[in-house]
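Colleague: Here's the letter readout for the chains.
There are 4 protein chains.
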Amino acid sequence: MTTTLNPASTRYGELIARAVRICVAAQVMDFNGHVSGRDENDPNVMWINNRHASRSTLTAKDVVPFDIAAGKRIGEGIEPPSEWYIHAEVYKRRPDVHGIVHSHPEFIRALSAVGEILRPVDAIGGYLPGEGVPVFDSPVLINTAARGEAMAKALGVAEALMLRQHGAVVTGFSIENAVVHMICAEANAKMQYQSLQIGKPRYLHGEELKTIASEGGGKHGTTKYWTYWEETARKAGALNGL
Amino acid sequence: MTTTLNPASTRYGELIARAVRICVAAQVMDFNGHVSGRDENDPNVMWINNRHASRSTLTAKDVVPFDIAAGKRIGEGIEPPSEWYIHAEVYKRRPDVHGIVHSHPEFIRALSAVGEILRPVDAIGGYLPGEGVPVFDSPVLINTAARGEAMAKALGVAEALMLRQHGAVVTGFSIENAVVHMICAEANAKMQYQSLQIGKPRYLHGEELKTIASEGGGKHGTTKYWTYWEETARKAGALNGL
Amino acid sequence: MTTTLNPASTRYGELIARAVRICVAAQVMDFNGHVSGRDENDPNVMWINNRHASRSTLTAKDVVPFDIAAGKRIGEGIEPPSEWYIHAEVYKRRPDVHGIVHSHPEFIRALSAVGEILRPVDAIGGYLPGEGVPVFDSPVLINTAARGEAMAKALGVAEALMLRQHGAVVTGFSIENAVVHMICAEANAKMQYQSLQIGKPRYLHGEELKTIASEGGGKHGTTKYWTYWEETARKAGALNGL
Amino acid sequence: MTTTLNPASTRYGELIARAVRICVAAQVMDFNGHVSGRDENDPNVMWINNRHASRSTLTAKDVVPFDIAAGKRIGEGIEPPSEWYIHAEVYKRRPDVHGIVHSHPEFIRALSAVGEILRPVDAIGGYLPGEGVPVFDSPVLINTAARGEAMAKALGVAEALMLRQHGAVVTGFSIENAVVHMICAEANAKMQYQSLQIGKPRYLHGEELKTIASEGGGKHGTTKYWTYWEETARKAGALNGL
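Protein chains in written order, with our numbering: chain X, 17 to 258; chain L, 17 to 258; chain H, 17 to 258; chain C, 17 to 258.
FYI, nobody ran anything at the bench for these hints, they're computed from the structure.
Among the clues, some could well be false.
A pair counts as met if it fits within one copy or between any two copies, since identical chains are not told apart.
Quick list of in silico lysine to aspartate or glutamate cross-link-like pairs, EDC-like style, CA-CA up to 16 Å [claimed, not checked]:
#, residue 1, residue 2
1, Lys77, Glu92
2, Lys251, Asp46
3, Lys77, Glu95
4, Lys240, Asp46
5, Lys108, Asp83
6, Lys108, Asp58
7, Lys169, Asp153
8, Lys108, Glu165
These numbers were taken from a predicted model, which means no experiment stands behind them.
Taking the hints into account, I'd like the entire structure generated from these sequences.
Modeller: As structure tokens, this is what we get:
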């Protein structure tokens, strides 16, 4: 099968490069990690940063198209990260997902190392489930189909998944939404971590959580947050040469 | 009722833009949060940053006048933040208050998440009551009159209020004083937080607290502190283009 | 009594301005705090930064000479800090002291708030006594002769003193040595604080501490450390315009 | 005995200067610490930064050749650090070692001060032994042959050694590998430290650790990591003038 890319889809290169740079500037991604987006012109195509290009200087040409069903890069050039299974297996099972971020944020990892589950403690984590996010109970690389499937099953219908002693996977209804979800997940993890250092945090739940979740998030919330972090990254010079 | 603004009151735009930038530079405000000031030419008018403009690049034109009794923006243009009730309800009840800051400082939030009350541990928190500040026991947005009233009642005659898992509201006899109070509240919260990590802090109280409070604070203390943080913000480039 | 200053003593202005800037760059001094030095041409004269000038932009002209016995600034102009008693009372009692730093380092204050005594945990704190430094048990400003005397007695023959919930006073055989002592005291306090967060630190003592103390410190150690922090401050631009 | 240096060996000067700068930029080395490499043209020769030159501005001319068997600098000029015994004693016993780093990373020191052993908690520490690294139980300078021998025996066949309340020594199959090992050891120590603040970390072990170790590390992992930190250092200006 040959997948023909819609010319309009080239916009994904620039958008994903920008998304990765914003993640690096917001300190939720380092020299590993990837952002992908599902092609709106072909739901079987995803775009993802390649395995070699530095995350902090990524440009559109470092983003590659990928055939989800075939499990293969489209066209020639540098391959996607060995963990592309994370993205492909989720896109296969979740038609509602159009953006995914996988990275290794510090506070999410610290919580996972002691068996604490990421749970909402603040409005910034208001999109997280009150009972806590699911956990994939293994620290190994997700670089085989079997591991990818197991991980996608652990995620289920959730928007965020902890990978024990490894990192996190978050989804979104768009690339921007997935980036916002990752930044908010780590911000909530930091507050949760800081609270745990001095006591027993009161987690948000029930009616209170419902109210908070309804007052933030969604399309409006995504635009507001994305704009803020994009602007912050730009002021710090993190988008230069994009 | 039409409120006619005194031409001299335009100075509030520049002052509040400066105050917001100083709060951002001092890391007690991020992409949300607001500073307001009561108009000395009309106690029923307050000035506040609008809901959209980026806090880190705010200028005078992004500050809007507001009719407190009528609960409405004066003139046309971008609206104030949805949480303007915080400010209006306090100005209605507290003729001594001429400046208010609401934001989400990290250490105040962390204390609140585990039920610790902000109490003075250092000279920098010398203006706080020995028994601790009052707490508004809800993390939801204060975007209705009922929530604003409840919050204002929780504040009572105090100068600082914790909003559980949300942030803080502080008042001042001037805009500058409110800013200084917020920065000092968070600095004290940080020391309290750090102390709680390794033991049981000895809180300042009684005669000792009285002596400390009398040696700092007030008009003289406000000028000294404001000048320091303004200068620090300027050196960091945070006031460029103001 | 009129004190006539030796023309050669003007070198103290530049040296103290440099010392204060190095303390600020090394994060052991903020907008308060002072460095003084005893005049080698007249042991009754000390030089100290004045009460108003910003610590981060201090220059030689902001440093004032002071008559220790008379308890008065020499000449006209801006006064020394209200806490000049700290310096005068120590110089009166300690002919071996030629430099003093008073400031409010974060980790020393945090330790003091929970009753932990500063004790050597690392080679960088090797000059501290094994049993811990003395503590002045009050957080008030030391702005009277009585408080200055009490503080000087608490210091005794030691080189470092904790001021409970206030800060620290350290002495040196030179201005450079006092600055090095303050930076090392705070570096040791940070390691002590970090260790206390996760367990019970093993404090250095006995023969081990003697060996470590003999291998660092003194005139050679002072020059090495001062040079490092001076160079670090210069690279960060902290000495510009000195 | 006169050791004649192979002209090709001059490349070690530039490489070690670069390695030291990368360590400083990655915050695993401060104003003390050293990097050495065994000369591939003569296994009895090692190259090491001299004792005086600032670690953050080191250049090739500040790196000196050293005769391991004779225990003497080759040629004239500034001497190596007084702790050259660390390097010489390890090279004598370990033909597999071609690079060594000794420094005083903050989190490794904090762990050592409370008796915690560095153990793998994350993929970044996957090269560490599951049971934890060996510990040299003394904080004194390793500036004699006896101390160097004792330390080398404590290290044994391991790749990383904690020096109690002092720092760490790590080895590598190349200079680059030793640098990567030190940065990864400290990154793991930080995660271990952070986890210990809020609970009991689950250490990696058994099959899980084997899988992780086999998926990272080695020659390929070294190149990837070294490139990332070198690039990070360059962007921060840390390699200017090299």
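Colleague: How do Lys240 and Asp46 come out at 16 Å by Cα distance, when the copy is not named: within, between, both, or neither?
Modeller: Answer is between: at 13 Å across copies they meet the 16 Å cutoff, but 24 Å inside does not.
Colleague: Between the shortest in-copy and the shortest cross-copy C-alpha distance, which are at most 16 Å for Lys108 and Asp58: within, between, both, or neither?
Modeller: within (13 Å within a copy, 57 Å between copies)
Colleague: Between copies, within a copy, both or neither: which fits Lys77 and Glu95 at Cα up to 16 Å?
Modeller: within (12 Å within a copy, 41 Å between copies)
Colleague: Evaluate Lys108 and Glu165 at a C-alpha cut-off of 16 Å and name the case that applies: within, between, both or neither.
Modeller: within (10 Å within a copy, 50 Å between copies)
Colleague: First find the shortest C-alpha distance between Lys169 and Asp153 inside one copy, then the shortest across copies, and answer within, between, both or neither for a cut-off of 16 Å.
Modeller: Classified as within: same-chain Cα gap 12 Å, cross-chain 38 Å, threshold 16 Å.
Colleague: How would you label the pair Lys77, Glu92 (within, between, both, or neither) given a Cα cut-off of 16 Å?
Modeller: within (12 Å within a copy, 45 Å between copies)
Colleague: With identical chains treated as interchangeable, where does the CA-CA distance between Lys251 and Asp46 reach 16 Å or less: within a copy, between copies, both, or neither?
Modeller: So Lys251 and Asp46 pass the 16 Å test across copies only (14 Å; inside, 19 Å).
Colleague: My question is about Lys108 and Asp83: at a cut-off of 16 Å on alpha-carbon distance, are they close within one copy, between copies, both, or neither?
Modeller: within (11 Å within a copy, 55 Å between copies)
The structure agrees with every numbered hint stated previously.
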